[in-house]
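J.: Listed below are the residues making up each chain.
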Amino acid sequence: MFEGCVEIRNHYSDYLDGLCDPQAVKSIRFHLSYCGSCRSELEVWETMQADLRNLPRYRVPPELALRLRVEVSRAVHKKLLGWLRVWMDNVLQPVLLPASGGVLAALVCFCLIMGSLVVPASKTPDVPLGSPTPPAVRELAPIDITTGDAPVVVVVPVDAGGRATGYRVISGESSPQLLHELDRVIYFSNFQPATWYGQPTYGQFVLRLARITVRG
Amino acid sequence: MGVMDTARTVGIALDGALSSTYEEAPLVAELQAGSEQAYSYLLGRYQNQVFNLISRILENPAEAPDVLQEVFIKVFKGIRQFHGDSSLKTWIYRIAIHEASNHRRGWMRRHWHEPMSIDDTPGEGGSSMAEVRAGGQTPYQVLEQAERQEIMRRALASLALPYRTVVVLREVEGLAYDEIAQVTGMAEGTVKSRLMRGRELLRRKLVGCLGKTDV
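Here the protein sequences come in this chain order: Z and F.
Counting in the numbering used here, the first sequence runs from 1262 upward without gaps.
Counting in the numbering used here, the second sequence runs from 4 upward without gaps.
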């Protein structure tokens, strides 16, 4: 089939890969059986092929493999929303714990400071300051007074201790009987003194006593 | 079927050298669905093969990491356009060949050499003394083998890119002619002629380096 060494050698590539048809293979083998030059040339090809196949294989170093995964993952997920989400995660996650701790600490400090600033509520009612208050009857003695038909109006001065220092009838009956009863009423009644800027002081008030008739 | 189940099933299939399009379909479906586990599986499965291919095709293997990264980014971005017309491996190899061919076409890229750290360990395996003893080879034999491999690497790197590509795909990666044709986009006849021409050129370079009897 083949006539010379050059023609034979042109088919070495196919021969090595097993792509020659049976007739060509037979012809090549026949030529090799008597041609030492072509035989040694084929050995060269076979050695070269073996050397190529025995070349050590490059392997991805571990650090490159890791970098590759990161870069590929980053490139694949490079979408706007995904990028935004990743950016938010990267930005917010590192500050999440410090921020939470900061807010909590600020809240605790606020409560502590506000707790120390708030004045506790007084058990006694507030005393109005800046305005005078007149004396008043705290508890009137339960003594009957015969005032007649017209009411009796008296002016009662009260000292800072809440004691009535006297009285003066300015209207109504002023019989000795009534005055005697008034003495007892004023003496046994309990008064609240007048105040000036929160301090008890002397004052006087008008007391009107009248008979109440209940029909029954 | 869960993601991991799919990956495991496909993994068994691929490990058993049954990487047909049918077997890859679940993995491709998971990849197209954006599964992180499928991405991890694919990387683990193909990164070394693609890295070796790129390192052999590029004149400077130090550029292989960048190209590898570009390849897998393109793979994952383009996985939705993969319709299973070829095997996944062929498709990934096609992208790798394309990226390696396009890399460093400009003058600046061709003349720029990245600095290398003296601490870097070479990706290509060297033999330690322990390995030498365990392999039953004398240090002289190991040195001789390393020298032959280095000469072969340089000779291969000095081939023109079209020839180097087909020689690497055939001899180093062990692809069949039809697979090489699919990867390179050439006709099988072109693959055949380029392979023959590439082998012949390589043989001549090796004869020049080692002497005829050594090759």
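Derived by calculation from the structure, the hints in this document are not laboratory data.
Glycine included, C-beta positions come from ideal geometry on N, C-alpha and C.
Misleading hints may appear alongside valid ones.
[Unchecked claim] Distance condition first, Cα-Cα at most 20 Å in a straight line; then the derived DMTMM-like pairs of lysine to aspartate or glutamate:
1. Lys1287/Z / Asp1275/Z
2. Lys195/F / Asp1405/Z
3. Lys208/F / Glu1307/Z
4. Lys92/F / Glu203/F
[To be verified] A few chain Z residues facing chain F, derived, Cβ under 8 Å:
5. Val1305
6. Leu1313
7. Arg1318
8. Tyr1319
9. Leu1329
10. Ala1336
11. Arg1399
12. Glu1400
13. Thr1462
14. Gln1465
15. Arg1469
16. Arg1472
J.: Can you give the numbers of the hints that this structure goes against, from lowest to highest?
T.: Hints 2, 4, 11, 12, 13, 14, 15 and 16 are the ones this structure does not satisfy, whereas the remaining hints hold.
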